[in-house]
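Top to bottom, those sequences are chains A and B. When we follow our numbering, the leftmost residue of the first sequence carries the number 1, and every step to the right adds one. When we follow our numbering, the leftmost residue of the second sequence carries the number 1001, and every step to the right adds one.
Bear in mind the hints are in silico, worked out from the structure with no lab data behind them. Any given hint might turn out to be false.
Pulled from the structure, derived: some chain B residues nowhere near chain A, Cβ distances all over 12 angstroms [what the hints assert, rightly or not]: (1) Ser1059; (2) Leu1072; (3) Glu1200; (4) Val1280.
Here are the computed distance ranges between Cβ atoms for each label pair [said to hold, decoys possible]: (5) A:Arg133 / B:Gly1123: 54 to 60 angstroms; (6) A:Cys36 / B:Asp1229: 54 to 60 angstroms; (7) A:Arg133 / B:Gln1186: 43 to 49 angstroms; (8) B:Ser1180 / A:Glu135: 38 to 44 angstroms; (9) A:Gly253 / B:Ser1251: 45 to 51 angstroms; (10) A:Gly151 / B:Arg1225: 51 to 57 angstroms; (11) B:Asp1021 / A:Arg303: 42 to 48 angstroms; (12) A:Arg186 / B:Ser1033: 36 to 42 angstroms; (13) A:Ser183 / B:Glu1194: 55 to 61 angstroms; (14) A:Ala304 / B:Ala1015: 41 to 47 angstroms; (15) A:Gly151 / B:Gly1221: 45 to 51 angstroms; (16) A:Arg133 / B:Ser1251: 48 to 54 angstroms; (17) A:Glu135 / B:Ala1163: 19 to 25 angstroms; (18) B:Ser1033 / A:Pro37: 52 to 58 angstroms.
Being a predicted model, the structure only gives us computed values, none of them experimental. The C-beta atom is built at its ideal place from N, Cα and C for all residues, glycine as well.
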Amino acid sequence: MTPETEWLLERWQTMTLIRRTEERIAGMVESGEVRCPCHLYIGQEAVAAGVCAALTTADTVWGGHRSHGHYLAKGGSLAGLFGEVLLKATGCAGGRGGSMHLAAPEVGILGTVPIVAGTVPLAAGAAFAYKLRGEDTVAVAFFGDGALEEGQVHESMNLAALYRLPLVLICENNLYASHLHWSERRVADNLYRAGEFHSVPGEKVDGNDVITVHTAARTAVERARCGEGPALIECRTFRWRGHVGASFDLDVGVERRGELAEWLPRDPLRRLADKLIERGVEDLAQREQAIEVRIGIAVEEARAAPQPEPEQWEVACAR
Amino acid sequence: MRTLTYAQAIREAHAQMLALDARVFVIGQGLWSPWYAGSSLEGLDREFGCARVVDTPVSENAVTGMAVGAALAGLRPIVFHPRMDFMLLAMDPIVNQAANWSYLFGRDSGVPLVIRSVINRGGEQGAQHSQALHAMFMHVPGLKVVMPSTPADAKGLLMVAMADPGPVLYIDDRWLYAESGEVPAQPFTVKIGEAAVRREGSDVTLIGISWMASECVRAAGILEREGIDAEVIDLRSLKPWDKEMVAASVSRTGRAVVADGGWRSAGASADVAAEISERVFDHLLAPVARVALPDAPAPANRAEEQAYYPGAEQIAAAARALLDRGTAGRVKRAAA
Chain A
1 MTPETEWLLE
11 RWQTMTLIRR
21 TEERIAGMVE
31 SGEVRCPCHL
41 YIGQEAVAAG
51 VCAALTTADT
61 VWGGHRSHGH
71 YLAKGGSLAG
81 LFGEVLLKAT
91 GCAGGRGGSM
101 HLAAPEVGIL
111 GTVPIVAGTV
121 PLAAGAAFAY
131 KLRGEDTVAV
141 AFFGDGALEE
151 GQVHESMNLA
161 ALYRLPLVLI
171 CENNLYASHL
181 HWSERRVADN
191 LYRAGEFHSV
201 PGEKVDGNDV
211 ITVHTAARTA
221 VERARCGEGP
231 ALIECRTFRW
241 RGHVGASFDL
251 DVGVERRGEL
261 AEWLPRDPLR
271 RLADKLIERG
281 VEDLAQREQA
291 IEVRIGIAVE
301 EARAAPQPEP
311 EQWEVACAR
Chain B
1001 MRTLTYAQAI
1011 REAHAQMLAL
1021 DARVFVIGQG
1031 LWSPWYAGSS
1041 LEGLDREFGC
1051 ARVVDTPVSE
1061 NAVTGMAVGA
1071 ALAGLRPIVF
1081 HPRMDFMLLA
1091 MDPIVNQAAN
1101 WSYLFGRDSG
1111 VPLVIRSVIN
1121 RGGEQGAQHS
1131 QALHAMFMHV
1141 PGLKVVMPST
1151 PADAKGLLMV
1161 AMADPGPVLY
1171 IDDRWLYAES
1181 GEVPAQPFTV
1191 KIGEAAVRRE
1201 GSDVTLIGIS
1211 WMASECVRAA
1221 GILEREGIDA
1231 EVIDLRSLKP
1241 WDKEMVAASV
1251 SRTGRAVVAD
1261 GGWRSAGASA
1271 DVAAEISERV
1281 FDHLLAPVAR
1291 VALPDAPAPA
1301 NRAEEQAYYP
1311 GAEQIAAAAR
1321 ALLDRGTAGR
1331 VKRAAA
């Protein structure tokens, strides 16, 4: 196997892990076993996998409400994710957060939160810390297209450019913010230019092609690491499921515009699998089975785990 | 011991922390200008460099969020808001993020952050340059809130806030900047959650917050001349606040006046009054009185300002009214 094929196979492993994990979670949402709101990433896996492949373990990743993919791509524990969506004490946030609050500081995931754009200035602040300490660590903020409608993203871009912070901004444009199509929220389709006014260079890439995403991310990350400041990458993609929950192409009770039929053939995982098959990789089915086994073990572990202890409330708040 | 003003004490705490701990940095609006922070930050940029004393664009929201992120990445930021009113633009990083973070993400994920803001009322500045919004932040679990009224506490509480593993809101008051008092030269801390008795007395307990604590001391002087012996407690910390000290004092005096420079409804004074009623009801000789701002925006006109802000006279009047009730309340309850 060539190094290039090996690299692609690693990305395929990551993306398959995300896809199968989320499909399992979707089933658990439908059966009622998972009750916390889950915002599934299915369809967008190439973004997390492509970007995180450009990062070191020390580099930090900051996410939002739809961050299962970021968490897994950066190396967060599978048992910790299932524990968290089931609100168990063994969850990656101790069962205090749920699907929207993931963290794995040991692999650089300092936190994901469901306040749109909430972690963008936090990522800038982490980047400020790396710069002040003279480290070559980079902070990456993942956010959706809706986040570019938040003022704090624009404030953060200006500050990051002004202080030349090692910050990479990944806008995953999946066309919808909750139920609203971009054209209902904005006149022009030009999110990659959002940083121009703040001197943050921007680029638009096919977010369903892991190689394209990775190439752009690697350039931005290396630029940031060398002290050349922040960059914005708009990754065009599409989430297959609704804003929240398991149903396909239905957004908090509103039917979308039927784009799913257009986007299914652009499945980032299928595209990558086809490439690997072309390159002579024959054991994808077995590899997929092994991933399913890992997921099954993590689910059972989470099911067996205890609930968090309610009496720790006051202690936790007094810290 | 040497004497410093309140503003000088704040500056000294900053300078000592910047010198002692390379993780400390200060960020916010007006740090390079002598105008925004008075002498409380004077010359820190020249002494410690503009990389650690960072005057920022007018972006309260992202600057505060950056301070939260820097704290999570291992620094010890002090984010500065020269007027508390401006800080409202930063509610998301303060309330949603900093306050909740360690509850959500565990013991090792604290946000060691000081959010410093200044109450800067009066001077015909009007409704959006005058607000004392501490009660809003007292309401939020996960935030600590401190409000010093003396130069020594201005230093000791800032130093303890900077050593705290969680987010601490440090609120100072421009009306106190010129007050002078003895301040230890060495770094020292004042425990968060511990009030201070400014004057011992037996007839009534005056409980003051920040500027109003200093007005309580003046009120006690007025009352003394009338033969009323008032105890004065300066809360210093609002979250957590020293419920034990207040309860012990009021159980001795039987009367309490709570004086706060914030609004009356759902204000800090309401929380103190409620706790007193719950804890020492059987010792009360009269209902708990509150002296606070009327439920109205800050006026701009000077004459209106004078009517709007209560002070020592109003506190003394409230105490007098409690004394005038005698001990009838207790007698009535005992009979029932």
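The hints, checked one at a time:
1. Ser1059: Non-interface label on B:Ser1059 violated, nearest chain A Cβ at 4 angstroms vs cutoff 12 angstroms.
2. Leu1072: The claim is violated: B:Leu1072 sits with its nearest Cβ about 5 angstroms from chain A, within 12 angstroms.
3. Glu1200: holds (30 angstroms)
4. Val1280: holds (22 angstroms)
5. A:Arg133 / B:Gly1123: 54 to 60 angstroms: violated (41 angstroms)
6. A:Cys36 / B:Asp1229: 54 to 60 angstroms: Given range 54 to 60 angstroms: holds, Cβ gap about 58 angstroms.
7. A:Arg133 / B:Gln1186: 43 to 49 angstroms: violated (28 angstroms)
8. B:Ser1180 / A:Glu135: 38 to 44 angstroms: holds (43 angstroms)
9. A:Gly253 / B:Ser1251: 45 to 51 angstroms: violated (57 angstroms)
10. A:Gly151 / B:Arg1225: 51 to 57 angstroms: holds (55 angstroms)
11. B:Asp1021 / A:Arg303: 42 to 48 angstroms: holds (45 angstroms)
12. A:Arg186 / B:Ser1033: 36 to 42 angstroms: Hint holds: Cβ distance 37 angstroms, inside 36 to 42 angstroms.
13. A:Ser183 / B:Glu1194: 55 to 61 angstroms: Hint holds: Cβ distance 58 angstroms, inside 55 to 61 angstroms.
14. A:Ala304 / B:Ala1015: 41 to 47 angstroms: Roughly 54 angstroms apart at Cβ, these two residues miss the hinted range, so it is violated.
15. A:Gly151 / B:Gly1221: 45 to 51 angstroms: 49 angstroms Cβ-Cβ, so the 45 to 51 angstroms window holds.
16. A:Arg133 / B:Ser1251: 48 to 54 angstroms: The hinted range 48 to 54 angstroms holds for A:Arg133 and B:Ser1251, with Cβ atoms some 52 angstroms apart.
17. A:Glu135 / B:Ala1163: 19 to 25 angstroms: With Cβ atoms ~24 angstroms apart, the hint holds.
18. B:Ser1033 / A:Pro37: 52 to 58 angstroms: violated (45 angstroms)
Hints 1, 2, 5, 7, 9, 14, 18 from the earlier list are contradicted by this structure; the remaining hints agree with it.
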